[in-house]
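Participant: What follows is the residue order along each chain.
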Amino acid sequence: MPYLSVNHSAFCNTGRYMAVNVSIPNETDRRERVAQWVDRHSGRIMVLPAVLILLAFAIFPLIASAYLSLSRFALAAGSFKLTFIGFYNYTRLFLGVQQYHFLGTFKPFGPLEWTLLAGVMLLLAAWLSRYALTGFTPLGFAGRLITAGLIGAVWFVVLATAVAGGIPGTLLNTLLYVFVGVFVQFVLGLALALLCAQPIRSRSWFRVIFFIPVMVTPVGVAYIFRMLADMQKGPFAPLSHFLGVSQWSWATEAWSARLMVLIGDTWQWTPFMFIVLLAAVENQPRDQLEAAHLDGAGPFQIFKDITWPTIAPVAATVVLIRLIEAFKIIDMPNVLTAGGPGLATESLTLHSFISWRTQDLGGSAAVGYLLLFVSTITCVSFFNFVVRYTRRYQ
Amino acid sequence: MNTPPDTRPLMRRLFERRSLDTLAPVPKFATYAILLAWTFVVLFPLYWVLVTSLKIQIQVDAGPYYIPFVDFTPHLDAWNFMLFQNNTLWPYMNSIIVALTSTILALLFGSMAAYALVRIRFQVKLAAIIAFIVLVIGVIVAVVEFAVPWQVAILAAIVLFFLALTSIGRRFKAALGNNDIEFWMISNRIMPPIVAVLPIYVMFQHLKLLDTQIALISTYTAVNLPIVVWLTRDFFAGIPLDLEESAEIDGASKFRVFFTIALPLVRSGLAATFMLVLILAWNEYLLALFLSNANAQTMPVLVSAQNTTRGPQWWYMSVLIVIMIVPVIVIAAFLQKHIARGLLIGAVKG
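Protein chains in written order, with this note's numbering: chain A, 1 to 394; chain B, 1 to 350.
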């Protein structure tokens, strides 16, 4: 390492300085000691900035937000006043006047809903009891209980709002974007990656082009799709005239508006799945592929037995990354539909933002916290039950 | 090429490949068809934005025109207005400064922490963490409920924290290791920004830093730090120890080893991480919406604000979207080779 002795930085220590600066011993001593101290604590010094930043911008706000969600915020004489009100902000969202907003408008169950609810509850109970009977650990059971609790509760809300007249709230909208959106993006991304890994010409071109949508700002994507979906002035206007729907607008109906949000999100994030999965597909063992081909295995068999097992850990990780990010969705619904019609496309982050704008800071923080709980439980469950499972051979 | 003639029946010749390096005609045609279809799906929206930016109001309102010079005359009016008359360049500069600075800071701090966590063993006392959290809660309650000045509260908390460290530190042995610290850092990314942004807003308001670039830079650095730690950790774990060890025997400090040996070895991974974080910072919307107003406004906020008064003016909006996309694509094109390789390292690790 000859260059090491040439560049002296402030952190350089030992030997070298002694040899160069013998004439001023005091100075050398001091610098020597500082350098040694820095070197001894180098690990801590390297981690410290990251820890301090996260403490200031993640842990402190998290705790402060928890406090905020337990209080009522009111402006008072040039400043503001916080009154501690316990869990009122939460009970309001679950049971009180804000229930329609967060959970949705409930309708009484019919026999079909009762059957469906009972079926899922039984499945969850079976899953829990199987775990309890095979390999019981208190921590593992508690984790599964929380996961099962969330699934059961969400299923109850889904059924209660799916009855005729029920309207889903922001919680279900967010879960729809997260699960349907990520699933569609994953399937499309995987299909494109498999096709792009075939021996065809100009595949590096396809790769470059397919990556572009990730780079477009989500706000921009939302506007672009508003432009494209304009029934009278957009590029598909002749088509809508032909079909006789030019007076109709997707923004006026709940499901078409939600579909629009999903389309925009899918257009933007499929490339992310694609690029990571492509790297994994191209990295699968070539000799196994050759052998399978010689043995006469068809493409589906090769995919099932060779490709899928190799890419499964990467696939699970990339889905986890997308799950984490998808829970934060706000730009797309805010710009496309401003959450409308009614509450049809409002996500939890948008819900919280709207509460903030109406100066209901306590309610805003409570919604944010509930989003935190739901997304944490989902992501941790996914990590424990899916990502770990796919990595079991590594 | 001396391949033996294909003697299989016609149907098999059409559908089944002979070797892994070729495709049979029918699957080949289908593959191209699907890939070209998706190319259209990707490129058409972008083409439409570009074309719309060359239109004037009447050409947008009178119905769809598709190809410049063929069915409409392109105008640069929207470009002229957006670049030279409207106040666009200021948010644009803001966006560039904020995105670049925060990305570089996140990359620096994140990779440093990741390297230390991969190479050096840490032990953090559980008691110290609990004491810290209790003190933070104490400070918040003291400031909010009992109107203690925040400077005093924080100073008192720091003193108490070190007193606590010296006294309880020896009695409780439970400690967290490297994996726990790493997990904690990465798990911060799960936190939705909407949860953190309200207190951050109040904090910057107190510090009189609201609507400044500093507020945005520091917040963006914090939200992207977990991603950097997550990705670079795998890159560092993948490089061989020998080089670093021999440098340390030569008397190089950990910092020097990190900057002169470890970082250059993972430059492909760093380039991929840089690109990803840059895209996230460049397109960030929610935090900018809260923390900036007129002075530090960034491009995504400017774009979304176009909606308000007279309905969206598509021609102006398109100009904004185009000038937002171009620099990212240029940088991505420059780093393309590195990104592909960097992704591969990350993807293999999973």
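Derived from the structure by calculation, the hints contain no laboratory data. Hints are supplied without guarantee of correctness; some may be wrong.
Claimed, not checked - From the structure, some residues in chain A lie toward chain B, with a derived Cβ separation under 8 Å:
hint, residue
1, 39
2, 49
3, 54
4, 60
5, 61
6, 63
7, 176
8, 192
9, 195
10, 197
11, 199
12, 214
13, 235
14, 240
15, 293
Predicted, not measured: the structure shown is a model, and the values here were computed from it. Quick reminder that beta carbons are idealized off the backbone N, C-alpha and C, glycines included.
Participant: Looking back at the hints listed earlier, which ones does the structure fail to meet?
Facilitator: When the structure is compared with the hints, numbers 7, 10 and 14 turn out to be violated.
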